[in-house]
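Make a model of the complete structure from these sequences and hints.
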Amino acid sequence: MSDDNLILIRGRGSVSALELRGNFTASSPQPAFASRQTGTRTLPVGSVPAGVEEAISSLRHAHAPYRQLDRTVLLGLLAARQATAQAGWAAQDASLGVSIGSSRGATGRLEQFHADFLADGVVAAAASPLTTLGNVASWVAYDAGAVGGAALSHSSTCSSAFQALGNAVAWLRAGLADRFLAGGAEAPLTDFTLAQMHALGIYSTFAPQDWPCRPGAGAPSTFVLGEGAAVFALERVSRATLAAEQATASALQFRLESVGFGFEAIPSKTGLSPDGQHFQTAMRQALQQANCPPDAVDALVLHSPGTPAGDAAERRAVAAVFGTEEAPQLVSNKWLVGHTLGASAALSLEFALQILTHQTWPAPPFGTYLAPAPTRPIGRVLVNAAGFGGNASSALVSLV
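Residues in the sequence shown are numbered consecutively from 1, following full-length UniProt numbering.
Hints were generated in silico from the structure; no laboratory data involved.
We put the CB at the ideal spot given by N, CA and C, even for glycine.
Mixed in with the good hints, there may be bad ones.
Said to hold, decoys possible - Derived DEER-like restraints, expressed as beta-carbon distance ranges: (1) 295 / 125: 55 to 63 Å; (2) 132 / 91: 19 to 27 Å; (3) 26 / 238: 33 to 41 Å; (4) 209 / 53: 46 to 54 Å; (5) 42 / 244: 53 to 61 Å; (6) 119 / 373: 34 to 42 Å; (7) 195 / 132: 17 to 25 Å; (8) 238 / 118: 52 to 60 Å.
Laid out in structure tokens, this is it:
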């Protein structure tokens, strides 16, 4: 993409434990977690509230083919519809591409089909097409009326949404598309997935009403699983077009400056190096792509899942890239919604956009190194994500 073109975020939508388009920057947030019984255990989870359940049910029954779709897909559809509406994009756009990340994909449907097979030895004909990873992006594309654009799916565990975002950016910069819907969706609150997370020995023991997910708080581990989605309407725009728009428009404009990636090959596929080498590479790549010096970043939304080792490694990586002088202020939204796996990076980016809009964030009600409030104007935010297998990604977003 030439320097004459920018990638703007024209619209966005999100679904989480904080409702549709939830407010991450409310000054006095209340715990949005619930209890979920799985086997003999009761675990805190970041599940969507009643209002979102009604929206999911309405969407499922509004169109006959949607009645069989997995919850992950439906969350993605809800977020994508919000993004498209805010962008003001018309239906049936042949140039529109779709790029969606999901760590687990159709988790609920897959587990149900397998349970049915174990019970009676029969597999439904729809089992395979309804549980493939590409099922998420293809249905978002169908619902958005993307009649001829790309429909791309990505699964790189918890950085999946930024893998999807980075691919969309590459297509836009290459001139292969003018517009993209990109983000992530995940509905992992199933018995088997919750049992997997608990088996890792990282799950929080705090009660739902006691802020069970506590990034940056140290031991014990406070990982909490959540569900949600966030999708962004990206558009390639010339500087001349943007200047003409700004002459008459009063709404804030957001620029997606870059998406960087980092990888490390380590023996433990659930761990990471002590100084977060993949985080360092991803952050440096994002800054380099944007020609952005480290001291021009005002805030950093950490991946920070509430695991002591993971949080510490990321913080060391941040120190290696930014130093201790003039480092960006560190924030996280996982204490508000939990860890939504493949959707988490997208929801963190939504948090970053809300910070840019409102110039504030809430103070965590527990001991942590997260910043309680901004101490300077926030014009540029870096967002981190990482996943099992040694992959990390960072997205840089700013006010235009």
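**OP:** Quick one: which hint numbers does this structure break? Sort them smallest to largest.
**Re:** Hints 4 and 6 contradicted; others consistent.
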